[in-house]
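K.L.:
Per the numbering used here, residue 29 is the first one in the sequence shown, and the count goes up by one each step.
Since the hints were derived computationally from the structure, they do not count as laboratory data. In this text, all values refer to a predicted model and were calculated from it rather than measured experimentally. All residues carry an ideal CB built from backbone N, CA and C; glycine is no exception. Among these hints, one or two may not hold up.
Stated by the list, open to error - Distance ranges between label pairs, derived from CB positions: (1) Thr-115 <-> Ala-40: 27 to 33 Å; (2) Ala-127 <-> His-63: 18 to 24 Å; (3) Met-99 <-> Asp-77: 17 to 23 Å; (4) Gly-30 <-> Val-117: 21 to 27 Å; (5) Glu-130 <-> Thr-35: 17 to 23 Å; (6) Thr-38 <-> Trp-58: 21 to 27 Å; (7) Met-64 <-> Glu-111: 26 to 32 Å.
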Amino acid sequence: MGVAEVTDGTFAAEVMAREEPVLVEFWAQWCGPCHMVAPVLAQLAEERDDLVVCKVNADENAATARDMQVMSLPTMLLVHRGEVVRTIVGARPKARLVAEVEEALAALR
29 MGVAEVTDGT FAAEVMAREE PVLVEFWAQW CGPCHMVAPV LAQLAEERDD LVVCKVNADE
89 NAATARDMQV MSLPTMLLVH RGEVVRTIVG ARPKARLVAE VEEALAALR
């Protein structure tokens, strides 16, 4: 499925209104750690069918970044049925990111 690009105009429908869990990364072109985590998110998007993965360019979609209280990049939010259930700030190795996502998803079950 890949990592979908979400904008200020599509965030409510693509992230907040979904029934399934969504992992959304706030990133910027100038952010080195964001580029480090991008391939990990792409792998998650391909490997998992229980999770939607998307990204928001914080520079181009400042209203959403502000509304979601994103203060650092990269910030990843795990959203389920319109509620943020986990906030992950900073780049992570794949194993650690998967563990954090799994822990949050287990709490939803």
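K.L.:
Against each hint, give a clear statement of whether it holds in the structure.
P.N.:
Outcome of the hint check:
| no. | hint | in the structure |
| --- | --- | --- |
| 1 | Thr-115 <-> Ala-40: 27 to 33 Å | 19 Å, violated |
| 2 | Ala-127 <-> His-63: 18 to 24 Å | 22 Å, holds |
| 3 | Met-99 <-> Asp-77: 17 to 23 Å | 32 Å, violated |
| 4 | Gly-30 <-> Val-117: 21 to 27 Å | 24 Å, holds |
| 5 | Glu-130 <-> Thr-35: 17 to 23 Å | 29 Å, violated |
| 6 | Thr-38 <-> Trp-58: 21 to 27 Å | 23 Å, holds |
| 7 | Met-64 <-> Glu-111: 26 to 32 Å | 28 Å, holds |
The structure fails to meet hints 1, 3, 5 from the earlier list, while all remaining hints are met.
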